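Engineer: Line order of the protein sequences matches chains Y, F and Z.
Per our numbering, the first sequence starts with residue 834, numbered consecutively.
Per our numbering, the second sequence starts with residue 2, numbered consecutively.
Per our numbering, the third sequence starts with residue 51, numbered consecutively.
Just to be clear, a hint being listed does not mean it is correct.
To be verified - Derived SDA-like pairs (lysine to any residue); straight-line CA-CA distance at most 25 Å:
#, chain 1, residue 1, chain 2, residue 2
1, Y, 1060, Z, 86
2, Y, 1060, F, 234
3, Y, 1050, Z, 93
4, Y, 1060, Z, 53
5, F, 234, F, 101
6, Y, 1060, F, 17
7, F, 241, F, 362
FYI, nobody ran anything at the bench for these hints, they're computed from the structure.
From a predicted model like this one, the values you see are computed outputs, not experimental measurements.
Below are the chains, spelled out letter by letter.
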Amino acid sequence: MRVRAGEVVLGLGFIGLMITLFLAFNWAPSVNINAFQAPESQRIFYWHVPAAWAAFIAFAVLFVGSALWFFKRSPLGWKLHIAGSEAGLACGLMAVWSGCVWGAAEWGTPWDWEDWRLNTFGLLTLLALFLVLGRQSQPDGVESRDTFSTFGLYGFVLVPLTYVATRIWVIRHPGPVIGGDEESSISGDMALVLMIGAISFTTLIVGHILTSMEITKFEQRLERLQKELDGE
Amino acid sequence: MAEALLELDGVTVRRGMGVVLNNFSLTVKSGECVILYGENGAGKSTVIETAARLLPMESGTVRHHGKIVCDGDGRRINPPKPFGLTLQSNCLVQSQTIEQRFQDVVSLCGKSFDSKPLLEDYKISNRRNDKIAHLSGGQMRKVAVLSGLIPGMVSAEPRIILLDEPDSGLDDTSVEMLVSHLHMLRNLGHAIVIASHDKRLFECATTMHDLSTAQSNRPENTDTWTVISKDKKYSLLNTKIGWKLNFSTLVSLQRNWLAALLVMGTLLSIADPLTLTDEEIILMGFTLAPAFTMGLIGDSVFKILAEHRAIDWWRSQHNTVPHSYAESALSGMIITAIAMQIFLQSVDLRIIIVGGLITLFTSIAVRFLQMSTIRLARSNAVFIRLLTPILILPWGIVVDYCAAL
Amino acid sequence: MEDKTYLSIAYLGMIFGLAIWTWTVVSRSRNLEQRINAMEQSLNIKSVDSDSVASVNDTNDN
Chain Y
834 MRVRAGEVVL GLGFIGLMIT LFLAFNWAPS VNINAFQAPE SQRIFYWHVP
884 AAWAAFIAFA VLFVGSALWF FKRSPLGWKL HIAGSEAGLA CGLMAVWSGC
934 VWGAAEWGTP WDWEDWRLNT FGLLTLLALF LVLGRQSQPD GVESRDTFST
984 FGLYGFVLVP LTYVATRIWV IRHPGPVIGG DEESSISGDM ALVLMIGAIS
1034 FTTLIVGHIL TSMEITKFEQ RLERLQKELD GE
Chain F
2 MAEALLELDG VTVRRGMGVV LNNFSLTVKS GECVILYGEN GAGKSTVIET
52 AARLLPMESG TVRHHGKIVC DGDGRRINPP KPFGLTLQSN CLVQSQTIEQ
102 RFQDVVSLCG KSFDSKPLLE DYKISNRRND KIAHLSGGQM RKVAVLSGLI
152 PGMVSAEPRI ILLDEPDSGL DDTSVEMLVS HLHMLRNLGH AIVIASHDKR
202 LFECATTMHD LSTAQSNRPE NTDTWTVISK DKKYSLLNTK IGWKLNFSTL
252 VSLQRNWLAA LLVMGTLLSI ADPLTLTDEE IILMGFTLAP AFTMGLIGDS
302 VFKILAEHRA IDWWRSQHNT VPHSYAESAL SGMIITAIAM QIFLQSVDLR
352 IIIVGGLITL FTSIAVRFLQ MSTIRLARSN AVFIRLLTPI LILPWGIVVD
402 YCAAL
Chain Z
51 MEDKTYLSIA YLGMIFGLAI WTWTVVSRSR NLEQRINAME QSLNIKSVDS
101 DSVASVNDTN DN
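I would like the entire structure built from these sequences, with the hints used as guidance.
Structural biologist: Structural data, given as structure tokens:
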């Protein structure tokens, strides 16, 4: 069986993630134990933040794909929509899961229903879940593609809202690490591990998007072959 | 020259995996009856549903009485005059009686009439006050077909009548009656479009159209329909029809109220309000939770209309379909008053109004989400409620605000 | 629970999720490719990539 580009990129992403994990546990400095309720759990953020970052990239791909399908009826757009929603769901769930565990350790509660940033990010993940499950529940056709791409377009409004929310409505959740102000900056070694994590997650998600697009291509080819077999 | 009542101009429509209508045009004038025939899948139903504003178009325009009602840019404007519509599916609310159904149709036309003679013609007058769910398949079809004919029967002015396979499931006597009525309505000046394979209906046609070529025909029947109605003014029709549907089916009681009462009971089972007197936010949350639950269950009238494509019939007639907004707000206020008495042992009118507004806005949001997926082939299976947790955030903010009052 | 337990739960959950997701995607891709190859061989045709929903328009136009 031939090796595909998507799978190679996926493998590279995996290696990067393992390196990040090794560095996070063995090399990155510990945080000030007086500043946190659960200082050890803080190491969750070496995957949590890159997962959230990768989720935003996936949501951006989802938006571009939705727009391309909705306005241009582009088959590439539909492939991007599918790949973006699946990757957004996976990375979103990882960020939400790790965030909830950290919240339980640090705050004593896994979720804060009054934090805009958590809620808008949670909604984006739910939107991705809706798109993935919803698509599986419907026959493929222009009606379902139009409806789901409309939701993809609406959902992207939440991305800038989430980013703004990190700056304006910080209640419990820490401020932004990427693109934040001086107060939110972290030490050099920590930033380096985080950056390796972000690059690894980005590589992984690119691999997933490529593989997912290939799957969509295969599914469409299979559909055509089935029709040919049916004699249509 | 006769007025063009229905115009489809350069219409392209995609459905499922392909393009069903490609740059299709059709003009139907007053006093004309166009019969669309052709193989299954040729696009006959698509023409009817596009003319009824139910399908989005890739390009082209649809005009009723010379005014654009929908186009390829996504505009969807209320039709200038009511029109008759019978789709392949009966689009009937099963828990309504025949009489209630006909009165709703007539009220949309701004008229009132006695349905008895018409029901006698079709031999269902004895079932006039029976629920539609209790009728046989053929009887239901008669009600659906008559719902499509009534806008023409109650109006002396020309109207559009769209019928998709009206003959399916009807007995021979009823088809004969239908043919006779179609002749009379056409001779009165209405514009009729019928999708059908039934050759018995072909004699009504002034034009036979196989979706690529049109052939003229000259019907011999010259009988004219005598209008059977009186003018009547109606206001807040969608609200009133929503109320009637709600009260005749008690659907809001079995869905929204039951869920709200269950939530209230569950909260009572886990905490004694008297031991929580210092926990103002928790008590306020308990007080406003039933109203929020009521809203999350969704608009009860939407649930009724979603059965058997009834909502499509209503959507074709008006952009706003019957709703239970007023009932939601009232129910929210009542349940909040009860919850206040239980959890706070007091009554504050401001909190009661907030409870009503929570139910109203939540059910509007849920209804909006449901309406967004109405076009899907399996809209009930689409997991749209996954998006409703976002409503918890504004609810939490309102609870905080009310606790501080 | 101890601080490190939370840390372990978080990472184990993420690793497990990531592994399942990647395995599903890769195996689905390989499975589809095998089915397509088998069908193409039985039909004796060359593979053509096109979207049946987006391309019907072109087919009808021709």
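Engineer: All hints, please: hold or fail.
Structural biologist: Against the structure, the hints:
1. Note on residue 1060 (chain Y) and residue 86 (chain Z): the hinted pairing holds, with a Cα-Cα distance of about 13 Å set against a maximum of 25 Å.
2. For the hint pairing residue 1060 (chain Y) with residue 234 (chain F), the CA-to-CA distance comes to about 55 Å; that exceeds 25 Å, so the pair is violated.
3. Restraint check for residue 1050 (chain Y) and residue 93 (chain Z): the C-alpha separation of about 19 Å stays at or below 25 Å, so the hint holds.
4. A C-alpha spacing of about 57 Å is found between residue 1060 (chain Y) and residue 53 (chain Z), which places the hinted pair above 25 Å, so the restraint is violated.
5. The straight-line distance between the Cα atoms of residue 234 (chain F) and residue 101 (chain F) is roughly 17 Å, inside the 25 Å bound, and the hint therefore holds.
6. With a CA separation close to 15 Å, the supplied pair residue 1060 (chain Y) and residue 17 (chain F) stays within the 25 Å bound.
7. Annotation: proposed proximity of residue 241 (chain F) to residue 362 (chain F) holds, straight-line Cα distance about 19 Å (limit 25 Å).
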